Amino acid sequence: MSFARPARCVFCSFTRGVSAGTRVPSRQFHPSSTQFANRKPKFPNFKARDEKTLEEITRDMKPKHFKPYTEEEKAALKEEYTPEQLAAIEAGEAAIDPKDMAEQFAIRRDPMKLHYLDDFSTIEPGVDKHVRAPKSNSDYNATLKSDDDFVEDFARFFQEMPEDATAADWVRFAETLRVTLGKEENELNPHSALVPDLFSPGESLTEEAKSVKPFEMQSSARFGESEEITEALKRLLQSTGYTQAFVKGLATKTLVSHSVVNQTRLGKVRRMYCLSIAGNGNGLLGIGEAKSEESADAITQSKYRAIRNMQPIPRYEGRTIFGDVEGKVGAVELKLMTRPPGFGLRCQHLIFEMCRAAGIHDLAARVGRSRNPMNTVKAAYDALMSQRNPEDIARARGKKMVDVRKVYYSGRY
Amino acid sequence: MSLVNLAHVCSHLNNATKARLGLTSIPNTQLHLKLCLALQNSGYISSVVRGGPTPPPQHTLLGVPSVNDEVEGVQSLTQSNVASRRLWLGLKYWQSDPVLGKMSMVSKPKRRITIDVADLREVIRGEKSGYVEGLRSPGESLYLSTDRGIMEARDVVAWNWMGLTRTNSRRISHEEIRAFA
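Note that the protein sequences, when read in sequence, are chains H and S. If you read the first sequence in full-length UniProt numbering, its first letter stands for residue 1, the second for the next number, and so on. If you read the second sequence in full-length UniProt numbering, its first letter stands for residue 1, the second for the next number, and so on.
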C-alpha cells in the first residue's frame with residue numbers, strides 16, 4: 001500500500017462486493033495511478049557517502065585486491081578471446097606480482113605523467129604516435145599493368161576456374177586483381193609521409209556515421225517543407241528579391257505569440273499576435289510582428305515580415321558583437337556583452353534564439369527591470385543594431401584603425 | 001582642486017553634442033586645458049582655442065577658430081584678462097553622430113579614485129578593477145591625471161612599459177574622465 005492513498009469515490013465501494021474476485025482499482029479523484037504493491041526503487045540506491053573517491057581507492061589498495069581470475073571469469077574471457085590471447089593474458093597476470101600492483105596502482109604525480117586518462121588499449125590518432133606503413137613497403141619501380149598483363153590475368157583466371165564456378169569466384173578475382181606490377185605491399189599498404197586522418201570516412205567518435213546538418217538545414221525542414229508558392233510567398237519573393245531556396249534556408253522562429261483583444265461596440269474581437277525572427281545564420285537578422293484571426297496566418301505573416309526586415313548585424317570575427325551594447329524598449333533594459341571565443345551563448349532563451357539565427361556564437365546578456373518577452377526581443381534587436389563599427393570610429397576620430405582596435409580586447413598590453 | 005568644475009564641463013560637453021553645436025566654451029583652467037588637449041590628441045574634438053567671452057574669429061578655411069590662425073591671431077593671456085578667458089572647443093560629428101558621444105567622471109568630487117599601473121593594465125584589457133569598470137567598447141577612452149599631466153589610460157600603460165613614468169610610487173594616477181566615442 002502506498003502511503004499517499006488517494007480519496008476514493010464512495011459509490012464505487014458499494015459495488016465492490018458484486019464484482020467478486022479480480023481487484024479493480026476504484027475510481028480515483030486524481031490522475032496518478034494507484035500502486036498496490038510495496039513500492040521498490042527500480043534501481044539500487046547509491047549513496048555518495050558509501051562510495052569512494054579515486055584517491056581513497058588508490059590509498060587503500062592491498063595485494064589481496066588483485067585476485068587471480070576465477071573459473072567463471074575465465075569462462076567469460078574464453079568467449080571473447082582466442083586461446084592464444086587467453087594464454088597471453090594469463091602469462092601477463094602471472095608475470096606481475098600483486099604486491100607490485102598494489103604499490104604502483106596510483107594516480108601518477110611525477111613530472112613525466114600523462115595529461116590525459118588512457119588505458120592504452122587503442123591507438124588514438126590525435127594523441128598517440130601515428131601508425132604508418134614501413135618505408136620498406138615502398139617500391140619506386142612499380143608500374144601500372146598494361147592491357148596485355150590484364151589479358152594474362154584473365155587467361156589465368158579462366159584456366160584455374162573450377163568446374164562449378166559461381167559469381168563469388170568472379171567477385172573474388174575482381175577484388176584481388178592487382179593493378180600494378182612490383183611489390184604487393186606498395187599497392188595495398190603503401191608508406192606515406194602524410195599524417196593519417198583522425199577519422200576514416202564515415203567514422204566518428206561515437207562510431208555512428210551521423211552527418212551533422214548545419215542549423216539552417218534543420219530549420220528549413222520545419223518552415224519551408226509545406227511551402228507551395230502561395231500568393232503571400234510570391235509577393236515576398238518579388239519584394240525582397242530573394243530566391244525561394246534562400247527563403248527556405250532561412251532560420252525562422254516565432255518567439256512570442258498571444259491573443260489580443262480589441263473592444264468594439266459590437267463586442268470583443270480576439271486576434272492572435274505573433275512576433276517572429278528570421279536569420280540566415282550568417283549575419284542577417286530581422287524581426288516581424290503580425291496579428292490575425294487565425295493563429296497559423298499570424299505566424300506566417302510575422303515570419304514573412306521578419307524576412308522582409310532582415311538587416312545585417314555587425315559581428316566581430318563572425319562570432320560575437322563589437323563591444324558591450326545596451327538596449328531599452330519600454331521597461332526592458334538589457335545589456336549584451338561581447339565575449340571571447342568558445343564562451344558560447346550564455347543568455348536567456350529569446351536572445352539565444354536571436355543570436356542563433358543571426359550567427360552569433362559568443363555572447364552574454366543581462367536583462368534588467370522588466371522581462372516582457374516582446375520588448376526583450378525588440379530591445380535585443382535594437383542593441384544588436386546599435387553596435388558601433390570600429391572603422392567608423394577610427395574615421396571619425398581621425399585615427400588609424402589599429403588605434404581603435406587596441407580599445408577592443410586591447411591585446412597589446 | 002575641486003572636481004566640481006570638471007563635472008560641469010563633462011555635462012556641458014554632453015549637452016552641447018546632443019544639441020549638435022559646432023563650437024562651445026568652457027571655463028579656462030589648467031586642468032580643463034590639459035584635458036581638452038588630451039581629447040583633441042585622441043581625436044574627440046577638433047580644436048581648442050583660448051578666447052574671451054565671445055567666440056574667437058573663425059579660421060578662413062577651417063570654419064572653426066584655430067590657434068595657428070595667421071590672419072586673426074590669438075589674444076595673449078595677461079593678468080588683466082585671465083579671469084574672463086574661456087576655452088573654445090570645436091566639436092566633431094561623423095555621419096550625423098557626435099564623435100564625443102558621452103563623457104562621465106569616474107572620480108567624483110566627493111570620492112577621488114586612484115589606480116596603479118598594474119590595475120590600469122587590467123582596466124584597458126576590459127576587466128573591472130576596484131571601482132573602475134573595464135574599457136569594453138570600441139572607441140572608449142579613460143583619461144587620468146598623472147605626474148606627467150593628463151594622459152589617456154593606454155598611454156599611461158604604454159609609457160610605463162617604456163619606463164618613462166615613475167613606477168616606484170604605488171598609486172600614480174587619479175582617475176578623471178571616461179569618454180565614449
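Among the hints, erroneous ones may be present.
As the list claims (entries may be wrong) - In silico DSSO-like cross-links for lysine-lysine, where the CA-CA straight-line distance does not exceed 30 Å:
1) S:K102 with H:K399
2) H:K291 with H:K234
3) S:K110 with H:K400
4) H:K328 with S:K128
5) S:K102 with S:K18
6) H:K248 with H:K234
7) S:K34 with H:K378
8) S:K18 with S:K128
9) S:K34 with H:K335
10) H:K74 with S:K110
11) S:K102 with H:K78
12) S:K102 with H:K335
To be clear, the hints were calculated from the coordinates, so they are not data collected in a lab. Bear in mind that the values here come from a model prediction, so they are computed numbers and not experimental data.
Inset, instruction - Take a quick look at whether K102 of chain S and K78 of chain H sit within 30 Å of each other, Cα to Cα. - result: Violated, at roughly 79 Å.
Legend entry - Pair hint outcome, K102 of chain S versus K335 of chain H [Cα-Cα no greater than 30 Å]: holds, 17 Å
Legend entry - Restraint status (C-alpha distance of K18 of chain S to K128 of chain S at most 30 Å): holds, 29 Å
Legend entry - Given pair status - K234 of chain H, K291 of chain H, alpha carbons within 30 Å: At roughly 20 Å apart (the allowed maximum being 30 Å), K234 of chain H and K291 of chain H satisfy the hint.
Legend entry - 30 Å limit on alpha-carbon distance, applied to hinted pair K34 of chain S and K335 of chain H: violated, 34 Å
Inset, instruction - Mind checking the alpha carbons of K328 of chain H and K128 of chain S for me, to see if they're no more than 30 Å apart? - result: This hinted pair holds, its Cα atoms lying about 24 Å apart.
Legend entry - Proposed proximity, K234 of chain H with K248 of chain H (alpha carbon, max 30 Å): holds, 13 Å
Legend entry - Hint consistency between K74 of chain H and K110 of chain S [alpha-carbon to alpha-carbon, up to 30 Å]: Given that 30 Å is the threshold and the Cα spacing comes to 82 Å, the pair is violated.
Inset, instruction - For the pair we were handed, K34 of chain S and K378 of chain H, check the Cα-Cα distance against 30 Å. - result: violated, 42 Å
Inset, instruction - Given the hint that K102 of chain S pairs with K399 of chain H, test it: the Cα-Cα distance must not exceed 30 Å. - result: holds, 19 Å
Legend entry - Pair hint outcome, K110 of chain S versus K400 of chain H [Cα-Cα no greater than 30 Å]: violated, 37 Å
Legend entry - Straight-line alpha-carbon gap K102 of chain S to K18 of chain S, limit 30 Å: Holds: K102 of chain S and K18 of chain S sit about 9 Å apart, inside 30 Å.
The earlier numbered hints that this structure contradicts are 3, 7, 9, 10, 11.
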